[in-house]
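Protein chains: 2
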Amino acid sequence: MENKDEAEWSKFFHENKGPANLEESRDKISKFCDKHKDKKLVLITSGGTTVPLELNTVRYVDNFSLGTRGATSAEYFLRNGFAVIFLHRESSLKPFSRHLSGDAMRKWLQVSESGEVSVCSSHAAEVSKIVVEYQKYEDSLCEISFTTLSDYLWMLKTAANILNSHPNSLLYLAAAVSDFYVPTGQLPKHKIQSRNSIFAVPKTFCFTSEGPPTVELQIVPKMLSPLVSYWAPNSFVISFKLETDPNLLASKAKGALEKYKHNVVIGNILQTRKKEVWMVEKDAVTKIELTNEELKSGVEIEDRIVKHILTLI
Amino acid sequence: MENKDEAEWSKFFHENKGPANLEESRDKISKFCDKHKDKKLVLITSGGTTVPLELNTVRYVDNFSLGTRGATSAEYFLRNGFAVIFLHRESSLKPFSRHLSGDAMRKWLQVSESGEVSVCSSHAAEVSKIVVEYQKYEDSLCEISFTTLSDYLWMLKTAANILNSHPNSLLYLAAAVSDFYVPTGQLPKHKIQSRNSIFAVPKTFCFTSEGPPTVELQIVPKMLSPLVSYWAPNSFVISFKLETDPNLLASKAKGALEKYKHNVVIGNILQTRKKEVWMVEKDAVTKIELTNEELKSGVEIEDRIVKHILTLI
Numbered sequence: 000m001e002n003k004d005e006a007e008w009s010k011f012f013h014e015n016k017g018p019a020n021l022e023e024s025r026d027k028i029s030k031f032c033d034k035h036k037d038k039k040l041v042l043i044t045s046g047g048t049t050v051p052l053e054l055n056t057v058r059y060v061d062n063f064s065l066g067t068r069g070a071t072s073a074e075y076f077l078r079n080g081f082a083v084i085f086l087h088r089e090s091s092l093k094p095f096s097r098h099l100s101g102d103a104m105r106k107w108l109q110v111s112e113s114g115e116v117s118v119c120s121s122h123a124a125e126v127s128k129i130v131v132e133y134q135k136y137e138d139s140l141c142e143i144s145f146t147t148l149s150d151y152l153w154m155l156k157t158a159a160n161i162l163n164s165h166p167n168s169l170l171y172l173a174a175a176v177s178d179f180y181v182p183t184g185q186l187p188k189h190k191i192q193s194r195n196s197i198f199a200v201p202k203t204f205c206f207t208s209e210g211p212p213t214v215e216l217q218i219v220p221k222m223l224s225p226l227v228s229y230w231a232p233n234s235f236v237i238s239f240k241l242e243t244d245p246n247l248l249a250s251k252a253k254g255a256l257e258k259y260k261h262n263v264v265i266g267n268i269l270q271t272r273k274k275e276v277w278m279v280e281k282d283a284v285t286k287i288e289l290t291n292e293e294l295k296s297g298v299e300i301e302d303r304i305v306k307h308i309l310t311l312i
Numbered sequence: 000m001e002n003k004d005e006a007e008w009s010k011f012f013h014e015n016k017g018p019a020n021l022e023e024s025r026d027k028i029s030k031f032c033d034k035h036k037d038k039k040l041v042l043i044t045s046g047g048t049t050v051p052l053e054l055n056t057v058r059y060v061d062n063f064s065l066g067t068r069g070a071t072s073a074e075y076f077l078r079n080g081f082a083v084i085f086l087h088r089e090s091s092l093k094p095f096s097r098h099l100s101g102d103a104m105r106k107w108l109q110v111s112e113s114g115e116v117s118v119c120s121s122h123a124a125e126v127s128k129i130v131v132e133y134q135k136y137e138d139s140l141c142e143i144s145f146t147t148l149s150d151y152l153w154m155l156k157t158a159a160n161i162l163n164s165h166p167n168s169l170l171y172l173a174a175a176v177s178d179f180y181v182p183t184g185q186l187p188k189h190k191i192q193s194r195n196s197i198f199a200v201p202k203t204f205c206f207t208s209e210g211p212p213t214v215e216l217q218i219v220p221k222m223l224s225p226l227v228s229y230w231a232p233n234s235f236v237i238s239f240k241l242e243t244d245p246n247l248l249a250s251k252a253k254g255a256l257e258k259y260k261h262n263v264v265i266g267n268i269l270q271t272r273k274k275e276v277w278m279v280e281k282d283a284v285t286k287i288e289l290t291n292e293e294l295k296s297g298v299e300i301e302d303r304i305v306k307h308i309l310t311l312i
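So the sequence lines, in the order shown, correspond to chains A and B.
Sequential numbering of the first sequence, starting at 0, is according to numbering that gives the first Met the number 0.
Sequential numbering of the second sequence, starting at 0, is according to numbering that gives the first Met the number 0.
Bound-form chain A, shown alone (with noise of 0.2 Å):
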């Protein structure tokens, strides 16, 4: 079974090519690491990741996320004292920078006589707050972006295997992943014509004169496997579920622990997930739920996952 495990994902980084960026963000990693060897130290991972339907991309499958469970949770451990490596989707919400969008900043601020640009008065208090959090923690703060699924598979790894040489490492890792993807070698080459004239037909994304057009996945392999086994044997592993029928969410998640044997899987259900989380670990459940009033009152359940996390270190 082992085996089996490590031939599939030796054969995707084999079929895969790493990113562009790998050694840079090796190295970003790695002094940032250096530099933070005293802290506890969190990866946390965050956003969906793209599978592409062709090698110039058009077309893409996705995984609905927006990284708001990612950005939150990292301000909540830079609170409570962590140095926390971002890996981010590309484009999905940071730290911090997801109180500040552009929607609200074009209405929030206005120009005085002299020219000065200011926050109006009704957010200032607010946005002063975002502001000077943002700049005590940015130094405690290494952001690493993906898009793709490969991308991101390579990344975790390599990430993985540098914290797991440090004393009090976490891995936190709440990126939606696909479980999905065409291999590389497999992709065509330009954007999919709608219909079948001049070109080649791919295999992955096939037309045939009488049926419908079909896309050919293959499955990822299960990357935990070797995470825990290899990469991180050394560091506290935290992986989500996420299910939209709740009738699964239990099994699937004591599952995966079972499976995966790493520490914590916080299960939760796409429609509540702001509301309530389950912290699965091998001994324990322990439901996390807000109340209406909390909710209203601002306060984020990522404040008490990460208090959570914090008693079982």
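Wrong hints could be hidden among the right ones.
The list treats identical chains as interchangeable, and a pair is accepted whether it falls inside one copy or across any two copies.
[To be verified] In silico DSBU-like cross-links for lysine-lysine, where the CA-CA straight-line distance does not exceed 30 Å: (1) 135 to 258; (2) 30 to 253; (3) 306 to 221; (4) 106 to 135; (5) 10 to 286; (6) 128 to 106; (7) 106 to 36; (8) 106 to 306; (9) 221 to 128; (10) 39 to 27; (11) 106 to 34; (12) 251 to 188; (13) 251 to 106; (14) 295 to 27; (15) 274 to 286; (16) 260 to 306; (17) 295 to 281; (18) 281 to 253; (19) 221 to 188; (20) 106 to 273; (21) 274 to 295.
Hints are computed from structural coordinates only; laboratory data are not their basis.
Please read these numbers as outputs of a predicted model, since none were measured by experiment.
Starting from the structure of chain A, add chain B where the hints point.
Below, chain B without anything else, positioned relative to chain A:
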């Protein structure tokens, strides 16, 4: 042929219901058009459409688009006296706010001792210009959002119908619209499981014990046909054709114009779309190209595109 096309798009709207905010959006667009009845009016579509693979959507097929073309063009149409209906993908770039990303703002904002939050002097002039312009044009801008392909097509049909009775209306279709979809009735309710265990296997996302999983997609009916013939026959219609293979672009752009008999196809190549485009009209093709110096100095090709359109209408 006409009848076959009509049957196809009627079937699409029959099988895929409109979004919850359709009536509200119709009202908003109607009022906006009434208010600006003496102005030139443009409907700009912008951003990619999603094709959900589940009803409670975790996974979807997406089209690459940040919405830069649409958001930038909207700014130049506003500067040239148009009232702009901006039909955009939720969370894609918007006019003016595209310059004020959270990443930039968390770096550019500073807090004074008295608690005032202002933009640092090195970026004040640039941000000031954007804020002043946004305030100037805010009332001439009507923003409507969509996420899925189906929502987009419902909104497009609704908006086009309203604009058709306006004497000077332009449709500028810059959204990256999927050619493929899965009809709502064929979607599985919940997140697809990566191994077919306890689940009934949904037809559209098919696992077999032998081969790889496959997704069956339907081809989206070409909506330019009813748009030009029925929904907005009085409007000036501009569509975009994006390719990755330069050898295909000219024939595809000309082919679209001949087929749908609208006014302009703007052809562009994914890799060079900010530097060069081809304006394809019935009897002329005009290439618009920026020099490297112009690109470096911040000239945007949408400025030239809008100026060229002004010579045609």
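Consistency of the hints with the structure:
no., hint, result
1, 135 to 258, "neither (40 Å within a copy, 59 Å between copies)"
2, 30 to 253, "neither (36 Å within a copy, 54 Å between copies)"
3, 306 to 221, "within (28 Å within a copy, 53 Å between copies)"
4, 106 to 135, "both (26 Å within a copy, 12 Å between copies)"
5, 10 to 286, "neither (38 Å within a copy, 46 Å between copies)"
6, 128 to 106, "both (18 Å within a copy, 14 Å between copies)"
7, 106 to 36, "between (42 Å within a copy, 26 Å between copies)"
8, 106 to 306, "between (35 Å within a copy, 28 Å between copies)"
9, 221 to 128, "neither (40 Å within a copy, 50 Å between copies)"
10, 39 to 27, "within (18 Å within a copy, 52 Å between copies)"
11, 106 to 34, "between (39 Å within a copy, 22 Å between copies)"
12, 251 to 188, "between (37 Å within a copy, 18 Å between copies)"
13, 251 to 106, "neither (44 Å within a copy, 41 Å between copies)"
14, 295 to 27, "between (39 Å within a copy, 29 Å between copies)"
15, 274 to 286, "within (11 Å within a copy, 54 Å between copies)"
16, 260 to 306, "within (22 Å within a copy, 62 Å between copies)"
17, 295 to 281, "neither (33 Å within a copy, 57 Å between copies)"
18, 281 to 253, "within (8 Å within a copy, 63 Å between copies)"
19, 221 to 188, "both (27 Å within a copy, 24 Å between copies)"
20, 106 to 273, "both (27 Å within a copy, 28 Å between copies)"
21, 274 to 295, "within (11 Å within a copy, 47 Å between copies)"
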